[in-house]
Amino acid sequence: MTLSLTYFLISLFFFTTISMHAVRKNAILVVLYAVQSLAVVLLLMYGAWLDQSIILSIVALFALLVKTTLIPRFFGMLISKNLITFSSSTYLKLPITALIVAGLAVLPSTHVFAPLLAIAPQHAHEIAFSLGAFFISCFMLVNRRDGMSQMIGLLSLENSIVAFAFFAGLEQSAMLQIGIIFDVLVWVFIATLLASLAYKQFGTLDTDTMRHLTE
Amino acid sequence: MTSTFAIIAQLLLVPALSPLFIGIIRKIKARMQNRHGASIFQPYRDLNKLFHKDEIISSDATFIFRIAPYMVFAVTLVVAISIPIITTFIPHFGTSDLLAVMYMLAFGTFFLALGGIDVGGPFGGFGASREMTISALAEGGLIFSLFAVSCMAGTTDLLSIPHALLAYGSTATLATVLAFFGFCVALLAENMRFPFDNPSTHLELTMVHEAMIIEYSGKRLALMEWASANKLFIFIALGANMFFPYGIAASADLSAVIISLGILLAKALLFCIAIAVIESTTAKLRLFRLPDLLFLSFIASSLAIIFTI
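Line by line, the protein sequences are chains A and B. Quick note on the numbering used here: the first sequence kicks off at -1 and runs consecutively. Quick note on the numbering used here: the second sequence kicks off at 103 and runs consecutively.
For the record, the hints were derived by calculation from the structure and aren't laboratory data. Fair warning: this is a prediction, and the values are worked out from it, not measured in the lab. A hint or two may mislead.
Far from chain B by the CB rule (all over 12 Å, computed), these chain A residues [unchecked claim]:
1. Gln50
2. Val99
3. Pro113
DSS-like mimics (lysine-lysine), calculated; alpha carbons at most 30 Å apart, straight line [as the list claims (entries may be wrong)]:
4. Lys198/A / Lys91/A
5. Lys321/B / Lys155/B
6. Lys23/A / Lys131/B
7. Lys369/B / Lys386/B
8. Lys91/A / Lys386/B
9. Lys131/B / Lys155/B
10. Lys369/B / Lys131/B
11. Lys91/A / Lys23/A
12. Lys321/B / Lys23/A
Distance windows between CB atoms, simulated [as the list claims (entries may be wrong)]:
13. Glu306/B / Leu191/A: 50 to 56 Å
14. Gly222/B / Thr207/A: 47 to 53 Å
15. Lys23/A / Arg168/B: 45 to 51 Å
Cβ coordinates follow ideal geometry from the N, Cα and C atoms, glycine included.
So here's chain A without its partners, still in its complex pose (with noise of 0.2 Å):
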């Protein structure tokens, strides 16, 4: 059952991170993101469940309030103010992307990887998919030219790296947690300002298209 748990989480976070290739509206992708945030979240509950530790409890109440909660809404006012519905395309087409994407996440299966899976032998099929996570939302903020799908790819990589961390069983302090979710609170804050204020100047987020703009 425990094995269970941590496999369906695990594998719902690698399923949103892979999903997130495949759609188009931005929306829909902020959904996404908050499922992913939701997998982690209830990751650190059960790990806190599992050490019986109040203190990590409460940091995986303020990461469920950040993730899922605060961050969809600052990009949900993004997307409504600016009425940014759909993203801009992505650098390579779609069949390609899956191909990658389909590399990417295997690559951490290989041996090259192997000394990392060894971390934690009882949890190596998590910890690929952490990696293989991470690797896919490298992809995301690489592949796609929209602003906001690569704030939020790297929001996904940092999630990715929370996960790994938690099944390579190297969780810091309560107080350092705390510390980097309110870090990742403050830069979306700033991040969705300055993309509402890039929007407003050049008229779109596609970042291949504002390279050309000047002011």
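Given chain A, work out where chain B should sit, using these hints.
For chain B alone, coordinates are given in the frame of chain A:
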């Protein structure tokens, strides 16, 4: 109830219920469009009407045009007794292997396309061309999605897979989800549903399946329509029993088979609702966009196999 009765039950069940599912999908679509819609039994009335109509066959038609509807319909019946629909307690004829079933379905599609191009009409020609393009691209995703569950079950015998999967356990969640996604895309493509084709249009720019059967009339058209409904039911049954193998009868016990039938109908209804919702909320994709979606299905199914192994 012996295994012979199980075969007869499945053989009769597929053609008996398949028009009902078409009617249910149409009814749900109508309701979603704020229309009252025809009765869910309308497809039965349509088939009855067609069976009582005279046929007009082109003077250019060869014997292929005449036998194609029988071949296409017969294939669906052979597949119906080769896959687990209400029970797995069916004698093995060697046709229940995964690849055998896939190639039987491809055989039916082949005759459907031959029937379409036989009379030399332009509609039949482009319809067959589009159908074969989509089928060829969907084949990979379909075979790989079912192969993923075969890998979990350790057998390619479709009749053995459901119970082997139940014993496999819950660690296959992600692989199952990916394979199911791949299968669903292939289901829509193989049955020419949205976003691959609009089953209710006769607009020359968009039609695929309807273009192939446009030269048919009367009894042969009825057989083609019925075979198409059978194929959809077969795919729904495959999806319901391969990916959610709960409730399927492992023996030929009458009560187990009746419970299994009830569960299958419930699962099939969910599939019908999902298809109707997809058809009501998505637009038909351009032909050149279809390979992207089918390739995604193939990749998802391939990933499912890798995660299973």
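Over 12 Å from every CB of chain B: does Gln50/A meet that, or does the non-interface label fail? At roughly 26 Å from the nearest Cβ of chain B, Gln50/A sits farther out than 12 Å, so the non-interface label holds.
Glu306/B versus Leu191/A beta-carbon gap, inside 50 to 56 Å or not: Distance hint for Glu306/B, Leu191/A holds at roughly 52 Å.
No chain B beta carbon within 12 Å of Val99/A's: Nearest chain B Cβ is 7 Å from Val99/A, so the label is violated.
Outcome for the supplied range 47 to 53 Å, where the beta carbon pair is Gly222/B and Thr207/A: Hint holds: Cβ distance 50 Å, inside 47 to 53 Å.
Within 30 Å, alpha carbon to alpha carbon, are Lys369/B and Lys386/B? holds (26 Å)
Does Lys369/B pair with Lys131/B here, judged by a C-alpha cut-off of 30 Å? Holds. Lys369/B to Lys131/B sits at ~18 Å (cutoff 30 Å).
30 Å limit on alpha-carbon distance, applied to hinted pair Lys23/A and Lys131/B: This hinted pair holds, its Cα atoms lying about 24 Å apart.
Regarding Lys23/A and Arg168/B, is the given constraint of 45 to 51 Å on their beta-carbon distance met? Once the Cβ atoms are compared, 49 Å apart, the range 45 to 51 Å for Arg168/B and Lys23/A holds.
30 Å Cα cutoff - pair Lys91/A, Lys23/A: holds (16 Å)
Distance restraint between Lys321/B and Lys155/B, which requires alpha-carbon spacing of 30 Å or less: holds (7 Å)
With d taken as the least Cβ-Cβ distance between Pro113/A and chain B, does d exceed 12 Å? holds (21 Å)
Pair hint Lys131/B and Lys155/B, alpha-carbon separation not exceeding 30 Å: holds (28 Å)
Going through the hint list in order, the structure does not satisfy hints 2, 12.
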